[in-house]
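Participant: The task is simple: from the sequences and hints, build the whole structure.
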Amino acid sequence: MTAAKTNSLSAEDIKTRLSTLTAEELNSLRDTYDVRWRTSWLRSTGWLNVILGGLTLWLGLTCPCGFTVPKLIQALAGGLIVGQSVWAIMLPSTAGFLRFALVFLGAGIWNLLLALSEGFAGGAFLVGLLGVAQLRWANL
-12 MTAAKTNSLS AEDIKTRLST LTAEELNSLR DTYDVRWRTS WLRSTGWLNV ILGGLTLWLG
48 LTCPCGFTVP KLIQALAGGL IVGQSVWAIM LPSTAGFLRF ALVFLGAGIW NLLLALSEGF
108 AGGAFLVGLL GVAQLRWANL
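In terms of the working numbering, the sequence shown opens at residue -12 and continues consecutively.
Since the hints were derived computationally from the structure, they do not count as laboratory data.
The reader is advised that the hints may include incorrect statements.
Quick list of simulated restraints, FRET-style, between CB atoms [as the list claims (entries may be wrong)]:
hint, residue 1, residue 2, range
1, 119, 52, 20 to 26 Å
2, 11, 93, 34 to 40 Å
3, -4, 49, 53 to 59 Å
4, 60, 126, 34 to 40 Å
Values in this document were obtained by computation on a predicted structure and should not be read as measured data.
Ideal Cβ positions, reconstructed from N, Cα and C, are used throughout, including at glycine.
Facilitator: Written out as structure tokens, the structure is:
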């Protein structure tokens, strides 16, 4: 029976390897970290964003005040959020990260404007809170 090969490095080995990297290799390492962080972030928060987008869609379709054009736009924005979130979960990329932020920025501003136009009364308060959450997820 043979011993399993280990790939562990000591702290000194890591320090030595990092100190010998060229500027180009360090930049490549930083870029790799950024891509992996964005990928991890998109996947870990994607499901919450699907839920928030679904809530936006639901609020746009089930308004007790009747069917209006702003509510239709809100429902479309919710559908866009759900679609973009699922896309980002399945194929995370830097471009997906930026699209995701833009979708939530637009939806958050829209929901805050809807809540403001209705005086934050009744369900409009919930729409306003959703807008704040969407702006947060757009990294603002």
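Participant: Next, verify each hint and record whether it holds.
Facilitator: Hints, verified against the model:
The supplied range of 20 to 26 Å is met by residue 119 and residue 52, whose beta-carbon atoms lie about 21 Å from each other. Restraint check, residue 11 to residue 93: a C-beta distance of roughly 38 Å satisfies the suggested window 34 to 40 Å. A hinted range of 53 to 59 Å holds for the C-beta pair residue -4 and residue 49, which are about 56 Å apart. Distance hint check: the CB atoms of residue 60 and residue 126 are about 23 Å apart, inconsistent with the given range 34 to 40 Å.
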